[in-house]
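Protein sequences appear in the order of chains A and B. So the first sequence is numbered by this note's numbering: it starts at 1 and just counts up by one. So the second sequence is numbered by this note's numbering: it starts at 1 and just counts up by one.
Calculated directly from the structure, the hints in this document are not laboratory data. Possibly wrong hints are sitting among the right ones.
[What the hints assert, rightly or not] Pairs of lysine-lysine residues, derived as DSS-like cross-links and limited to a Cα-Cα distance of at most 27 Å, are as follows:
hint: 1; chain 1: A; residue 1: 322; chain 2: A; residue 2: 69
hint: 2; chain 1: A; residue 1: 92; chain 2: B; residue 2: 12
hint: 3; chain 1: A; residue 1: 221; chain 2: B; residue 2: 71
[To be verified] Some chain B residues judged to face chain A by a derived CB distance under 7 Å, without partners named:
hint: 4; residue: 38
hint: 5; residue: 41
hint: 6; residue: 43
hint: 7; residue: 48
hint: 8; residue: 49
hint: 9; residue: 51
hint: 10; residue: 69
hint: 11; residue: 70
hint: 12; residue: 77
In this text the structure is predicted, and so the values were computed from the model without any measurement. Think of the CB as a built atom: it goes at the ideal place given N, C-alpha and C, for glycine as much as any other residue.
Residue strings, one per chain:
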Amino acid sequence: MTTGTHGADAREHTSDWLWYAGVAIAAGIWWLIYGQLIPFSEWATGLFPVDRHSHTGEAIAFFIYDVPKVLLLLTGIVFVTGVLRSWFSPEKTRAILAGKRQIWGYPLAALLGVLTPFCSCSSVPLFIGFVSAGIPLGVTFSFLIAGPMVGPVGLGLLYGLVGWQIATVYLVFGFTIATVAGVVLGRMGLERYLQDWVRELNAGPLGDLPEERLTMVDRLKTGAEQVREIVGKVWIWVLIGIGLGAAIHGYVPEEMMLRIMGGEAWWSVPAAVVVGVPMYTNAAGVIPIVEALLGKGAALGTTLAFMMSVIALSLPEMIILKQVLTLRLIAIFITVVATGILATGFLFNFLL
Amino acid sequence: MKTVKVYGPGCKRCEATETMIKDAATKLGIEVDVTKVTDPREIAMAGVMSTPGVSVDGKLVHTGGLPDAAKLEGWLAS
Numbered sequence: 001m002t003t004g005t006h007g008a009d010a011r012e013h014t015s016d017w018l019w020y021a022g023v024a025i026a027a028g029i030w031w032l033i034y035g036q037l038i039p040f041s042e043w044a045t046g047l048f049p050v051d052r053h054s055h056t057g058e059a060i061a062f063f064i065y066d067v068p069k070v071l072l073l074l075t076g077i078v079f080v081t082g083v084l085r086s087w088f089s090p091e092k093t094r095a096i097l098a099g100k101r102q103i104w105g106y107p108l109a110a111l112l113g114v115l116t117p118f119c120s121c122s123s124v125p126l127f128i129g130f131v132s133a134g135i136p137l138g139v140t141f142s143f144l145i146a147g148p149m150v151g152p153v154g155l156g157l158l159y160g161l162v163g164w165q166i167a168t169v170y171l172v173f174g175f176t177i178a179t180v181a182g183v184v185l186g187r188m189g190l191e192r193y194l195q196d197w198v199r200e201l202n203a204g205p206l207g208d209l210p211e212e213r214l215t216m217v218d219r220l221k222t223g224a225e226q227v228r229e230i231v232g233k234v235w236i237w238v239l240i241g242i243g244l245g246a247a248i249h250g251y252v253p254e255e256m257m258l259r260i261m262g263g264e265a266w267w268s269v270p271a272a273v274v275v276g277v278p279m280y281t282n283a284a285g286v287i288p289i290v291e292a293l294l295g296k297g298a299a300l301g302t303t304l305a306f307m308m309s310v311i312a313l314s315l316p317e318m319i320i321l322k323q324v325l326t327l328r329l330i331a332i333f334i335t336v337v338a339t340g341i342l343a344t345g346f347l348f349n350f351l352l
Numbered sequence: 001m002k003t004v005k006v007y008g009p010g011c012k013r014c015e016a017t018e019t020m021i022k023d024a025a026t027k028l029g030i031e032v033d034v035t036k037v038t039d040p041r042e043i044a045m046a047g048v049m050s051t052p053g054v055s056v057d058g059k060l061v062h063t064g065g066l067p068d069a070a071k072l073e074g075w076l077a078s
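Whole structure, please, built from the sequences with the hints as guidance.
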């Protein structure tokens, strides 16, 4: 090693060291603040000139407690996920799934759907890339359903706000729906309902880019970049969601909730799906609403159905996919996934 | 004169990538012709699966996420 490069190397090491220390310190601060949320929110609520146990007091306390909690959880989850996902890429996933026609291609695709970094704006090139590499349509669908459905943000917030039991139920059933819906769609032989140009397309070979060698610090940077991008984008949905959750928590009478979203009313599950599909928000916005609904005695099955249809079936996503799928195929896709969601909802309302 | 293409459906990152390329070209004093490719068919034909993708003089050099500024200058200079 020459002296010239040695100086640059030393500087690199200093900045590496700063990154490790920075992440460790940030994690420590995160932990300290997270532990103080209840005293903080009670103290801050006390500053408002309202009775703590009135409707307004309850709503304010919910809001003040949930905003920092959700933002902290979101930041932590997005960072950790960003770092973990830097080991995966759509290209690697495609190589793994190509030619997997056996039945376990479906759960594998669902798993990779959770681990592979991709934004909904790339779903069209990704879809074409998969299908043209000979990945069966059903396997591709398992991948595309699992991505949003069992996303780490939704799971992590569910764990933090509602509890591990329900987070686990959601994980297991979300994963099962993604897998089974893919199998069902695959069996239906839907290739003929792709848009004509997609069927005729022989996509060029993937650009044979040498794999980039990432250092641990590159991965940490990816995580930090993700935090800036995602938290910067979804915070408004988080505030709206918590606002709605606070209103439900403070003002909606329990007997009304039981009548509308209780387990007795069989129609509440399909109604939750019908309301959930056109609602466009992300997991971070919907979980505070879920928290409030469950707290007021809404049935678990109905609430799960609502949450799953909001997160997994979104109209903007369908409009993007319209470029590659015919309306008929989109309708079949929605029907199959919605059926899985309904079944989950009914099952839990029946069991509990 | 380099011909650079940015493949992507028009998301924020694709626009940011285009800006980065223009800035890098100005810095290096290289003339570039940057085209944005938004048609999904063309994106697929170029072999891009994660967007934004970048090609220089017909050769794909990058896919997925914002390119690294230093590497970008390397592609433009070579």
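Hint check results:
Note on residue 322 of chain A and residue 69 of chain A: the hinted pairing is violated, with a Cα-Cα distance of about 37 Å set against a maximum of 27 Å. For the given pair, residue 92 of chain A sits about 24 Å from residue 12 of chain B by alpha-carbon distance, which is consistent with the 27 Å threshold. A distance of roughly 16 Å separates the Cα atoms of residue 221 of chain A and residue 71 of chain B; the hinted pair therefore holds under the 27 Å criterion. With a least beta-carbon distance of about 10 Å to chain A, the hint placing residue 38 of chain B at the interface is violated under the 7 Å criterion.
Contact between residue 41 of chain B and chain A, as hinted, is supported at the beta carbon level, the nearest pair being about 6 Å apart and thus within 7 Å. A cut of 7 Å between beta carbons decides the hint on residue 43 of chain B: the least distance to chain A is about 5 Å, and the hint holds. With a least beta-carbon distance of about 6 Å to chain A, the hint placing residue 48 of chain B at the interface is held under the 7 Å criterion. Because the beta carbon of residue 49 of chain B sits about 4 Å from the nearest beta carbon in chain A, less than 7 Å, this interface hint is met.
Of the supplied interface hints, the one on residue 51 of chain B holds, with its beta-carbon coming within about 5 Å of a beta-carbon of chain A, less than 7 Å. Proximity of residue 69 of chain B to chain A is violated relative to the hint, the smallest CB-CB distance being about 13 Å (cut-off 7 Å). Nearest Cβ of chain A to the Cβ of residue 70 of chain B: about 12 Å, over the 7 Å cut. The hint is violated. Hint status for residue 77 of chain B: violated, given a least beta-carbon distance of 18 Å to chain A, over 7 Å.
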